[in-house]
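Sequences and hints are given; from them, build the entire structure.
There are 2 protein chains.
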Amino acid sequence: MARKDSLESGTLTDAAFYILLSLQTEQHGYLIMQQVEDWTGGEMKIGPASLYTTLKKLTDAEVIETAGGSGKRKAYRITAKGQTMLEEEIERRRRMVQLAEDVLTKREERAE
Amino acid sequence: MARKDSLESGTLTDAAFYILLSLQTEQHGYLIMQQVEDWTGGEMKIGPASLYTTLKKLTDAEVIETAGGSGKRKAYRITAKGQTMLEEEIERRRRMVQLAEDVLTKREERAE
DNA sequence: TTATGATATATCATTAAATGATATAAAGGA
DNA sequence: TCCTTTATATCATTTAATGATATATCATAA
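Protein chains in written order, with full-length UniProt numbering: chain A, 1 to 112; chain B, 1 to 112.
Note that these hints are calculated values from the structure, not bench results. This structure is a prediction, so every number in the text was calculated from the model and none was measured. Incorrect hints may have been included.
No copy labels: a pair is met if it fits in one copy or bridges any two.
[To be verified] With a cut-off of at most 20 angstroms between alpha-carbon atoms, the simulated SDA-like pairs for lysine to any residue come out as follows: (1) Lys-45 with Gln-35; (2) Lys-106 with Glu-89; (3) Lys-45 with Gln-27; (4) Lys-45 with Arg-92; (5) Lys-45 with Thr-13; (6) Lys-45 with Ser-9; (7) Lys-81 with Val-103; (8) Lys-56 with Tyr-30; (9) Lys-45 with Arg-95; (10) Lys-4 with Thr-54; (11) Lys-4 with Ala-15; (12) Lys-106 with Gln-24; (13) Lys-4 with Ser-50; (14) Lys-106 with Arg-94; (15) Lys-56 with Asp-5; (16) Lys-81 with Glu-101; (17) Lys-74 with Gln-24; (18) Lys-106 with Thr-79; (19) Lys-74 with Thr-25; (20) Lys-4 with Asp-14; (21) Lys-4 with Thr-53; (22) Lys-57 with Ala-80; (23) Lys-106 with Ala-80; (24) Lys-106 with Thr-25; (25) Lys-45 with Gly-10; (26) Lys-56 with Arg-77.
And the structure:
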């Protein structure tokens, strides 16, 4: 990740990927952290530093937007642009996994 | 990524992922670049800077090792440790895609 | 009442990763 | 000869991730 903003190039980092996934339902930051940790059984943790800096970046890029929120909470929702990005990113990652499976299968066949 | 080396934490960056995949057959650096670009139809390009710095890092971490090579070419092969890491990384990425599909499916169901 | 832990957001400084640019050199063909 | 491709390598810069820290609110247990 350097020399080119990942959002501009249309790819999502792991953190951004999980955040957009969590925002399939309108949500505030703290809940995103908990949901991601929950989803991954603790494998993936987005700490406050990563979370709020990423949320700001995603907001600036109009991938997500604020949606009110009560008290000190600030709710976020994904934009149409963000939804498209997420779906394309899922496909990109699916292709990566598929490629890996194909390559490993060929390797096993060679070994027989 | 910061504050924690991705290799130490057991995850692979996109570049490292593709490199290890390419090294399912013994190969020298330049061929890795071409194969990755080829595999992804140009979507993913690992330039010389990224390639050789990543190869060095992977070698230092004993994820890959040099394997002779003729002339100026330097061949690399994946180690047992590297193979395990790659396979675990494939599973991690598969889980991410699966989670995303599940979440999106639920979202579509809600919309009906 | 008070203090403690959980909730909630935010920023700074540091470390890691990615990469454009550049350099070098050999090999092969026009 | 000259140009392109092959092949490896490093530097300096930019982007990403995050530990540490700060702040404030709220519920609840002592």
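How the hints compare with the structure:
no.	hint	result
1	Lys-45 with Gln-35	within (10 angstroms within a copy, 33 angstroms between copies)
2	Lys-106 with Glu-89	between (26 angstroms within a copy, 18 angstroms between copies)
3	Lys-45 with Gln-27	within (17 angstroms within a copy, 35 angstroms between copies)
4	Lys-45 with Arg-92	between (22 angstroms within a copy, 14 angstroms between copies)
5	Lys-45 with Thr-13	both (14 angstroms within a copy, 17 angstroms between copies)
6	Lys-45 with Ser-9	between (25 angstroms within a copy, 12 angstroms between copies)
7	Lys-81 with Val-103	between (33 angstroms within a copy, 18 angstroms between copies)
8	Lys-56 with Tyr-30	within (14 angstroms within a copy, 38 angstroms between copies)
9	Lys-45 with Arg-95	between (25 angstroms within a copy, 15 angstroms between copies)
10	Lys-4 with Thr-54	both (16 angstroms within a copy, 18 angstroms between copies)
11	Lys-4 with Ala-15	both (17 angstroms within a copy, 15 angstroms between copies)
12	Lys-106 with Gln-24	between (37 angstroms within a copy, 9 angstroms between copies)
13	Lys-4 with Ser-50	both (19 angstroms within a copy, 13 angstroms between copies)
14	Lys-106 with Arg-94	both (18 angstroms within a copy, 19 angstroms between copies)
15	Lys-56 with Asp-5	within (14 angstroms within a copy, 25 angstroms between copies)
16	Lys-81 with Glu-101	between (30 angstroms within a copy, 18 angstroms between copies)
17	Lys-74 with Gln-24	within (16 angstroms within a copy, 47 angstroms between copies)
18	Lys-106 with Thr-79	between (41 angstroms within a copy, 18 angstroms between copies)
19	Lys-74 with Thr-25	within (14 angstroms within a copy, 50 angstroms between copies)
20	Lys-4 with Asp-14	both (16 angstroms within a copy, 15 angstroms between copies)
21	Lys-4 with Thr-53	both (17 angstroms within a copy, 18 angstroms between copies)
22	Lys-57 with Ala-80	within (16 angstroms within a copy, 39 angstroms between copies)
23	Lys-106 with Ala-80	between (39 angstroms within a copy, 18 angstroms between copies)
24	Lys-106 with Thr-25	between (40 angstroms within a copy, 10 angstroms between copies)
25	Lys-45 with Gly-10	between (23 angstroms within a copy, 14 angstroms between copies)
26	Lys-56 with Arg-77	within (13 angstroms within a copy, 41 angstroms between copies)
The structure agrees with every numbered hint stated previously.
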